[in-house]
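Asks: Put together the whole structure using the sequences plus the hints.
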Amino acid sequence: MIRLWEQDPNLFINQPGLYPFAPLTNSKSPNTLLQQISAKINNLEDIEQRQILGSCTSILAGLRFDKILVNSLFQ
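Under full-length UniProt numbering, the residue at position 28 of the sequence shown is numbered 28, and the numbers go up by one with no gaps.
Please note that the accuracy of each hint is not assured.
Stated by the list, open to error - FRET-style restraints, in silico, Cβ to Cβ:
#: 1; residue 1: 42; residue 2: 66; range: 17 to 27 Å
#: 2; residue 1: 47; residue 2: 1; range: 15 to 25 Å
#: 3; residue 1: 55; residue 2: 31; range: 12 to 22 Å
#: 4; residue 1: 5; residue 2: 47; range: 26 to 36 Å
What the hints assert, rightly or not - Calculated lysine-lysine pairs in the BS3-like style (CA-CA distance at most 25 Å, straight line):
#: 5; residue 1: 40; residue 2: 28
#: 6; residue 1: 67; residue 2: 40
#: 7; residue 1: 67; residue 2: 28
Derived by calculation from the structure, the hints in this document are not laboratory data.
Please read these numbers as outputs of a predicted model, since none were measured by experiment.
Backbone N, C-alpha and C define an ideal beta-carbon position, used for all residues, glycine too.
Replies: Here it is in structure tokens:
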């Protein structure tokens, strides 16, 4: 078991496959982290990968963040 809330977000923000877990990590500025992940996903070239990672990230981010914020970043 990995306690995501104890993990450094830098371990997750450089690997696209780990983007969905990044919003649940231990960040001093969680809203900024969520915006960074959203921007990284939006900059992915592969449309299918962008859609899948965006959906997965928004679902997991919804566990921690306000739904309106999540929806505004992952439309």
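Asks: Each hint should be assessed against the structure and marked as holding or not.
Replies: Outcome of the hint check:
Here the CB-CB span from residue 42 to residue 66 is close to 20 Å, well matched to the stated 17 to 27 Å. Look at residue 47 against residue 1: about 34 Å separates their beta carbons, and that is not inside 15 to 25 Å. Between residue 55 and residue 31 the Cβ separation comes to about 20 Å, which falls inside the hinted range of 12 to 22 Å. The hinted window of 26 to 36 Å between residue 5 and residue 47 holds, with their beta carbons roughly 31 Å apart.
For the suggested pair residue 40 and residue 28, the alpha carbons sit about 19 Å apart, so the restraint of at most 25 Å is met. As the CA atoms of residue 67 and residue 40 are separated by approximately 20 Å, the hinted pair is consistent with the 25 Å bound. For the proposed pair residue 67 and residue 28, the alpha carbon gap of about 20 Å is at most 25 Å, so the pair holds.
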